[in-house]
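Enquirer: Chains as they are written, first to last, in my numbering: chain P, 2 to 301; chain F, 808 to 1097.
Check before you lean on any hint, since a few could be wrong.
Sample of chain F residues facing chain P (criterion: CB under 7 Å; computed from the structure) [said to hold, decoys possible]:
(1) Ser907
(2) Gln1046
(3) Gln1083
(4) Ala1091
In case anyone wonders, no lab produced these hints; they're calculated from the structure.
Note that CB positions come from ideal geometry on N, CA and C, so glycine has one too.
Each chain, written out:
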Amino acid sequence: MAAAHTPETSWRESATGYLFLAPWLIGFFGLTLGPALVSLYLSFTDYDLLSNPRWVGAANYVRIATSDPKFSAAMHVTFLYVALSVPLKLAFALLVAMMLNRGLRGLPLYRAIFYLPSLIGASVAVSVLWRQVFSGDGLLNQALKLVGIHGPSWISNPDTALYTLVALAVWQFGSPMIIFLAGLRQIPKDVYEAAEIDGASRSQQFWRITLPLLTPVLFFNLVVQTIDAFKAFTPAFIISGGTGGPIDSTLFYTLYLYQEAFAYFRMGYASALAWVLVVIIAVFTALSFLTSRYWVHYDG
Amino acid sequence: MVDLAGQDGVTPPRDGRRRALLYHVVLCLASIAMLYPLLWMLASSFKPDSDIFGDASLWPRHFSLAAYWRGWSGLQVTFGRFFLNSLVVSLCSVVGNVMSCSLAAYAFARLKFRGQKFWFALMLGTLMLPYHVTLIPQYILFLNLDWVDTFLPLIVPKFLAVDAFFIFLLVQFFRSIPRELDEAAMIDGCGPWRIYWIVILPLSIPALATAAIFTFIWTWDDFFGPLIYLNDMNSYTVQLGLRSFVDSTGKSDWGALFAMSTLTLLPLFVFFLFFQRLLIDGIATTGLKG
Chain P
2 MAAAHTPETS WRESATGYLF LAPWLIGFFG LTLGPALVSL YLSFTDYDLL SNPRWVGAAN
62 YVRIATSDPK FSAAMHVTFL YVALSVPLKL AFALLVAMML NRGLRGLPLY RAIFYLPSLI
122 GASVAVSVLW RQVFSGDGLL NQALKLVGIH GPSWISNPDT ALYTLVALAV WQFGSPMIIF
182 LAGLRQIPKD VYEAAEIDGA SRSQQFWRIT LPLLTPVLFF NLVVQTIDAF KAFTPAFIIS
242 GGTGGPIDST LFYTLYLYQE AFAYFRMGYA SALAWVLVVI IAVFTALSFL TSRYWVHYDG
Chain F
808 MVDLAGQDGV TPPRDGRRRA LLYHVVLCLA SIAMLYPLLW MLASSFKPDS DIFGDASLWP
868 RHFSLAAYWR GWSGLQVTFG RFFLNSLVVS LCSVVGNVMS CSLAAYAFAR LKFRGQKFWF
928 ALMLGTLMLP YHVTLIPQYI LFLNLDWVDT FLPLIVPKFL AVDAFFIFLL VQFFRSIPRE
988 LDEAAMIDGC GPWRIYWIVI LPLSIPALAT AAIFTFIWTW DDFFGPLIYL NDMNSYTVQL
1048 GLRSFVDSTG KSDWGALFAM STLTLLPLFV FFLFFQRLLI DGIATTGLKG
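Isolated chain P, as found in the complex (with noise of 0.2 Å):
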């Protein structure tokens, strides 16, 4: 694009063109570059908002990687929490995307309710609510006890609580399910036509059609989810009262480094807490990539 330039018309161009991009440039010094060296630089602090950021070296990264129980805490229920929901919540859309795939009357209808839930799943109502069907007397346990189940109280036990916050995940599967859908369909068909000629059950043409030429499809959805998942705030917050208890066993990530920022107001120490969160992702994403060559097939 440079090259297309001439020296008379260029100035006039690209002034233009800075115009129009002004607003975005604004905020990506203002609020995004400017911010994050900032953040960098307090992870390096002690910092509590009122006084002046003290220099402390490594000292957050080193307590990070040593002696923060609380640090060892939201790791585990924050991978746990990825490593169960984004395969079940994946599975459900693959399944449900699958079945919808067939030329089924009513399809409209069944795409918009199982979508519903990924639209509003993140609003506080949603979490209320969950914390109530989850509760001693809720509605899940009111339907154990037609079929004669005493069921506990699934939010308030440390053992059962993050599985709640699971199935809230998986219940959004809209969203993965949309997108599987558009991708099952541009699978051509006399792909299938070919394969039932030749006697292919149904189980092999899933696992040597549809899965191979959905993986990009899944690719994307693995590491949007995957994302979205280390991100996840809200229920965690409204079902345990802001706390991750019981006994942290919802301590969200970020639930940790928000109680760290604006609870403590240990800025220093919080910034630290983003950035491993930021590498954590980036390492992840950057496996994912690494290893979709081998299993992500782009030519059909």
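For this one, chain P is given, so just place chain F on it according to the hints.
Expert: Only chain F this time, still in chain P's reference frame:
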């Protein structure tokens, strides 16, 4: 894909129809399971408190609006105030996002300037950056500007195209508009501003609407931003109002809690009802998440 087994005669068509029926049954049951908690919440908001836990049925035996009255004015500030605040923040965010993102997208998709590729790459790079990294310095910045407890920290970033995802979406869309239209307008004497305004924007209504609707829904739903920046109950959004309501009533008044939860979801349901097609197409083609 239609059911192939029925089509090419390998299996008799009756088998295909039976299979379709089976799918319908499974999907119907799954739909009910998906929607049951929401319907139950809706039903419970119309039940007297004594019936909420005694009775898991969806139809209230005694229909009552009392929970709505209790909930609406259950805090020192009524929910009307929270709704108004949320509406202001959400609408301003929509205007800000659509304006600033479309300007930037037009520059990237249609104009030529030095360093274009460089800035475009940086813009894409910001898509990957989790907001946690900028969170604390942004907070300190807004605190020093004395913007805490105003809506400015929630609105101003939207006018500065901070949601790069929408820039990307609009760039993709603008590129699909034939360049001949720009050239024709240029021959008619239009400059870049007029081309942007009378050619590109009117032709991009579907993409702009997708950006606007998702901005509205996400801002309406946003809990984290208001949680950090709004401390005074008079400036609370509905999400914060609902949270305070949970804290103040605890477990005592589920009816009122469900009534207010239903109300905060209402705008989302309305959007869903009217723009379902657009939302679903937006997800399918761009990967926007709901």
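Enquirer: Have a go at the Gln1083 of chain F hint: is there a Cβ in chain P nearer than 7 Å to its own Cβ?
Expert: holds (5 Å)
Enquirer: For the restraint on Gln1046 of chain F, tell me whether the closest CB of chain P is nearer than 7 Å.
Expert: holds (5 Å)
Enquirer: Under 7 Å, Cβ to Cβ, is where Ser907 of chain F needs to be relative to chain P, so tell me if that hint holds or is violated.
Expert: holds (4 Å)
Enquirer: Under 7 Å is the threshold here; is the Cβ of Ala1091 of chain F close enough to any Cβ of chain P for the hint to stand?
Expert: Status holds, d = 4 Å.
Checked against the numbered hints given earlier, the structure satisfies every one of them.
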